[in-house]
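Chemist: Once you've looked at the hints, dock chain B against the given chain A.
Each chain, letter by letter, is given below.
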Amino acid sequence: KQEVTQIPAALSVPEGENLVLNCSFTDSAIYNLQWFRQDPGKGLTSLLLIQSSQREQTSGRLNASLDKSSGRSTLYIAASQPGDSATYLCAVSWGYQKVTFGTGTKLQVIP
Amino acid sequence: DVKVTQSSRYLVKRTGEKVFLECVQDMDHENMFWYRQDPGLGLRLIYFSYDVKMKEKGDIPEGYSVSREKKERFSLILESASTNQTSMYLCASSLAEGGGSYGYTFGSGTRLTVV
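Heads up: the sequence lines are chains A and B, in that order.
Under the working numbering, read the first sequence as residues 1 to 111, first letter to last.
Under the working numbering, read the second sequence as residues 1 to 115, first letter to last.
Pulled out of the complex, with its shape left as it was, chain A reads as follows (with noise of 0.2 Å):
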């Protein structure tokens, strides 16, 4: 069975502070694999998205990175701020309607 782990499930942290999420999976066989914001009672607003033949993808603040061999992508977020308070998700896709979602992270900047 394919699965997504994000582990931990809530993390909080001091404005300022770079953290790193993570996100693991089983089957190393991916297609792709896509970075989600939630804030709470809303949608999920899409992040970064990393096609399998690549390792990283930038945007601002934000840098994901996947290593298919050992099954696990990280979301780098530099320079924390408080307004990146919410819960993000990765989904991993293994081809045709083969999506999993993790559960998330629950991130909390502190100012």
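Derived from the structure by calculation, the hints contain no laboratory data.
Each residue gets a CB set at the ideal place from its N, CA and C atoms; glycine is no exception.
One or more hints might be untrue.
What follows is a set of in silico ranges between Cβ atoms, one per label pair, in the way DEER data are often shown [as the list claims (entries may be wrong)]:
| no. | chain 1 | residue 1 | chain 2 | residue 2 | range |
| --- | --- | --- | --- | --- | --- |
| 1 | A | Glu15 | B | Pro61 | 42 to 48 Å |
| 2 | A | Pro82 | B | Val115 | 32 to 38 Å |
| 3 | A | Thr45 | B | Glu17 | 42 to 48 Å |
| 4 | A | Gln51 | B | Asp28 | 20 to 26 Å |
| 5 | A | Pro8 | B | Ile77 | 35 to 41 Å |
| 6 | B | Lys70 | A | Asp67 | 19 to 25 Å |
| 7 | A | Gln2 | B | Thr113 | 31 to 37 Å |
| 8 | A | Pro14 | B | Arg73 | 44 to 50 Å |
Modeler: Chain B in isolation, oriented as in the chain A frame:
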């Protein structure tokens, strides 16, 4: 930017009612999806559609049906709402198979409460 619009942010319905959740996307995506999201269970796929009038069951289709009469619109129907269908419902679209090169785009969600 691709936009996925869900017609209602919050809905309160009574047990036994027929409920329609509407989703519209504006970028000519072939694939559309309905998920529900519950605490501790994450996102679970209810139904998806890969073309007009085409649909496939996801992981939890029981108690739901869908309709896709036009490419841009994908409706989720609760035939007879029950309290265990109280949840956040999320619609998504994508350009190609498996999310393709563009991944998924989600709507803002509909929080449905069945009383």
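Chemist: Do Thr45 of chain A and Glu17 of chain B keep their Cβ atoms within the hinted range of 42 to 48 Å?
Modeler: Violated - the Cβ-Cβ distance for Thr45 of chain A and Glu17 of chain B, about 31 Å, lies outside 42 to 48 Å.
Chemist: In this structure, is the beta-carbon distance linking Glu15 of chain A and Pro61 of chain B contained in 42 to 48 Å?
Modeler: holds, 44 Å
Chemist: For the range 32 to 38 Å, tell me whether the beta carbons of Pro82 of chain A and Val115 of chain B fit it or not.
Modeler: holds, 35 Å
Chemist: For the pair Pro14 of chain A and Arg73 of chain B, does the Cβ-Cβ distance stay inside 44 to 50 Å?
Modeler: holds, 46 Å
Chemist: Against the range 20 to 26 Å, how does the distance between the Cβ atoms of Gln51 of chain A and Asp28 of chain B compare: consistent or not?
Modeler: At 22 Å between Cβs, range holds.
Chemist: Mind checking the hinted window 35 to 41 Å against the Cβ distance between Pro8 of chain A and Ile77 of chain B?
Modeler: For Ile77 of chain B against Pro8 of chain A, whose Cβ atoms are near 38 Å apart, the range 35 to 41 Å holds.
Chemist: Does the beta carbon distance between Lys70 of chain B and Asp67 of chain A stay inside 19 to 25 Å, or does it fall outside?
Modeler: About 42 Å separates the Cβ atoms of Lys70 of chain B and Asp67 of chain A, which means 19 to 25 Å is violated.
Chemist: Per the hint of 31 to 37 Å, is the separation of the Cβ atoms of Gln2 of chain A and Thr113 of chain B within bounds?
Modeler: holds, 32 Å
Consistency with the previously given hints fails for numbers 3 and 6, ordered from lowest to highest.
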